[in-house]
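In the order they appear, the protein sequences are chains A and B. For the first sequence, my numbering begins at 1 and goes up steadily by one. For the second sequence, my numbering begins at 1 and goes up steadily by one.
Treat the hints loosely; a few may be bogus.
As the list makes no split between identical chains, a pair holds if one copy fits it or if it spans any two.
Stated by the list, open to error - Keeping only pairs whose Cα atoms sit at most 16 Å apart, straight-line, the calculated EDC-like set for lysine to aspartate or glutamate is:
1. Lys155 - Glu101
2. Lys29 - Glu92
3. Lys219 - Glu101
4. Lys116 - Asp207
5. Lys155 - Glu121
6. Lys74 - Glu92
7. Lys28 - Glu64
8. Lys137 - Glu192
9. Lys104 - Glu229
10. Lys32 - Glu75
11. Lys32 - Glu69
12. Lys155 - Glu92
13. Lys26 - Glu92
14. Lys155 - Asp120
15. Lys155 - Asp125
16. Lys29 - Asp93
17. Lys28 - Asp93
Note that these hints are calculated values from the structure, not bench results. Keep in mind it's a predicted model, so treat the numbers as computed, not measured.
2 protein chains.
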Amino acid sequence: MFTPIRNVKIYEQVIEQIQGMILDGKLKKGDKLPSERDLAEQLNVSRTSVREALRSLEVIGLIECRQGEGNFVKERFENNLIEPLSIIFLLEDRNPIEILELRKIIEIETAYLAAKRITDEEIKDLKDIVERLKASKDEAESAKIDKEFHYRIAKSSGNFLIVNILNILSSLMDRYILEARKIILLTGENSEYLLNQHENIYTALSDRNPDMASLYMKKHFEMIERSIENK
Amino acid sequence: MFTPIRNVKIYEQVIEQIQGMILDGKLKKGDKLPSERDLAEQLNVSRTSVREALRSLEVIGLIECRQGEGNFVKERFENNLIEPLSIIFLLEDRNPIEILELRKIIEIETAYLAAKRITDEEIKDLKDIVERLKASKDEAESAKIDKEFHYRIAKSSGNFLIVNILNILSSLMDRYILEARKIILLTGENSEYLLNQHENIYTALSDRNPDMASLYMKKHFEMIERSIENK
Chain A
1 MFTPIRNVKI YEQVIEQIQG MILDGKLKKG DKLPSERDLA EQLNVSRTSV REALRSLEVI
61 GLIECRQGEG NFVKERFENN LIEPLSIIFL LEDRNPIEIL ELRKIIEIET AYLAAKRITD
121 EEIKDLKDIV ERLKASKDEA ESAKIDKEFH YRIAKSSGNF LIVNILNILS SLMDRYILEA
181 RKIILLTGEN SEYLLNQHEN IYTALSDRNP DMASLYMKKH FEMIERSIEN K
Chain B
1 MFTPIRNVKI YEQVIEQIQG MILDGKLKKG DKLPSERDLA EQLNVSRTSV REALRSLEVI
61 GLIECRQGEG NFVKERFENN LIEPLSIIFL LEDRNPIEIL ELRKIIEIET AYLAAKRITD
121 EEIKDLKDIV ERLKASKDEA ESAKIDKEFH YRIAKSSGNF LIVNILNILS SLMDRYILEA
181 RKIILLTGEN SEYLLNQHEN IYTALSDRNP DMASLYMKKH FEMIERSIEN K
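With the sequences and hints as input, model every part of the structure.
This is the structure we're talking about:
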């Protein structure tokens with residue numbers, strides 16, 4: 001019997017080779033890749049195929065092309081992967097409430113983990129964020145600080161995947177649940193109440209109380225859900 | 001004052017245009033894209049830039065190129081996005097236990113949602129999977145059925161993002177926590193116990209009991225964690 005031959009395109013093979021170098025530890029964060037010419041020669045493929053592969057890796061967010069310097073493995077990978085999932089979500093015609101549902105699930109437990117793992121330094125930073133939220137008179141500014149607050153808690157969970165996936169979900173929310181804060185502020189809940197919820201979460205985290213941290217995060221998301229359902 | 005000029009590459013502009021057509025609803029799942037030549041003419045860019053953009057969208061998993069037919073928006077988007085996160089996870093040198101930690105968080109609540117939303121048809125399918133798991137004598141086969149079991153529960157949650165993100169986490173586990181089942185079977189817990197856990201989860205789902213479903217899923221993941229910690 002014959003084994004079906006897998007139809008792998010040339011540029012895909014180039015990508016696989018580069019991924020292989022990363023998996024083998026031959027390429028690390030910030031490293032410079034071989035030049036297009038060298039890659040083409042070493043892999044015995046056309047420079048067009050190499051360029052297609054490099055472009056794709058750039059779009060995926062794994063490498064960056066610095067003009068005149070060459071191609072490098074990225075140092076920071078935050079905020080990638082976002083567009084594809086966002087586009088797919090739209091093509092699949094999904095209900096934006098799903099984004100909130102998953103965020104709620106993850107953030108409640110993230111608060112629990114963060115309360116166990118948060119450092120003194122991180123507590124101080126979080127306190128500053130709450131103070132800035134209190135002082136802010138501008139709603140656009142408050143929305144930004146609010147997002148920063150949730151991001152810092154994700155970071156304090158110490159779980160890289162949680163940070164990445166909450167980033168993706170936060171971007172999806174920005175796109176599909178526009179101005180969640182505005183909706184909340186317009187539906188009976190006032191900004192003082194919203195601020196109070198953030199303060200409660202902060203206090204539980206600074207007390208390193210996982211149960212209270214997740215409880216207050218739960219109440220926070222229940223309020224968001226209620227506001228969006230009632231809008 | 002001057003506004004900094006954003007350095008957007010030609011192929012990125014092509015991608016943005018195509019994404020824009022999707023966002024505007026002009027391109028839907030399965031639709032054929034304009035030809036490379038037409039795109040180049042309409043956007044007034046070189047065919048090389050168009051080809052680079054299309055390749056990137058293909059790598060991201062948004063479009064597929066059918067030889068001799070042209071480029072199409074994909075019909076199904078499952079199992080994309082996977083490689084980038086996997087490579088990034090490696091480059092960041094993270095601890096594989098983070099994958100399990102996040103899977104546990106999501107799957108416990110997924111079981112809860114699934115118990116509320118599962119259809120009669122899905123209960124029947126899940127029962128078949130448990131029966132196949134019971135009958136399987138081959139560990140590789142059992143591992144496959146086990147994965148199918150978790151995938152079906154994610155589907156029954158009705159949340160598209162949960163299915164997608166658990167798929168990504170499951171692939172990451174395959175790569176970094178090799179043969180989790182084997183580890184479990186070697187560390188004192190036997191295959192009957194593992195089977196029993198799956199049966200309990202199934203029963204709670206077929207009873208449409210959210211609390212029991214999430215409780216049994218929790219016990220299941222606690223056992224997995226215990227086994228991996230003790231290995």
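Hints, one by one, checked against the model:
With identical chains, the CA atoms of Lys155 and Glu101 are at most 16 Å apart between copies only, with a shortest distance of 15 Å across copies and 20 Å within one. For the homomeric pair Lys29 and Glu92, the shortest alpha-carbon distance between copies (8 Å) is at most 16 Å, but the shortest distance inside one copy (34 Å) is not. Taking CA atoms no more than 16 Å apart as the test, Lys219 paired with Glu101 passes inside one copy only; the shortest distance there is 13 Å, against 23 Å between copies. Taking the shortest alpha-carbon separations for Lys116 and Asp207, only the intra-copy value of 10 Å comes in at or below 16 Å, while the best inter-copy value is 35 Å.
In this assembly of identical chains, Lys155 and Glu121 lie within 16 Å of each other by CA distance solely inside one copy; the values are 12 Å within and 41 Å between copies. In this homomeric assembly, Lys74 and Glu92 come within 16 Å of each other (Cα to Cα) only across copies, at 11 Å, whereas the closest approach inside a single copy is 31 Å. For the identical chains of this complex, Lys28 and Glu64 are intra-copy neighbours only, at 13 Å inside a copy versus 30 Å across copies, given an alpha-carbon limit of 16 Å. Within a single copy, Lys137 and Glu192 get their C-alpha atoms as close as 12 Å, which meets the 16 Å cut-off; across copies the closest is 61 Å, which misses it.
Taking the closest pair of Cα atoms, Lys104 and Glu229 come within 16 Å of each other only inside a single copy of the chain (15 Å); across copies the shortest separation is 28 Å, beyond that limit. In the homo-oligomer, the alpha carbons of Lys32 and Glu75 lie at most 16 Å apart inside one protomer (11 Å), although the nearest pairing across protomers, at 37 Å, exceeds that limit. In this homomeric assembly, Lys32 and Glu69 come within 16 Å of each other (Cα to Cα) only inside a single copy, at 9 Å, whereas the closest approach across copies is 37 Å. Proximity of Lys155 and Glu92 under a CA criterion of 16 Å is satisfied inter-copy only: 14 Å between copies versus 30 Å inside one chain copy.
Only between protomers do Lys26 and Glu92 lie at most 16 Å apart by alpha-carbon distance; the minimum there is 14 Å, versus 38 Å within a single protomer. Taking the shortest Cα distances, Lys155 and Asp120 sit within 16 Å of each other inside one copy (14 Å), while across copies they are farther apart (41 Å). Taking the shortest Cα distances, Lys155 and Asp125 sit within 16 Å of each other inside one copy (12 Å), while across copies they are farther apart (39 Å). For the homomeric pair Lys29 and Asp93, the shortest alpha-carbon distance between copies (10 Å) is at most 16 Å, but the shortest distance inside one copy (36 Å) is not.
Only between protomers do Lys28 and Asp93 lie at most 16 Å apart by alpha-carbon distance; the minimum there is 10 Å, versus 38 Å within a single protomer.
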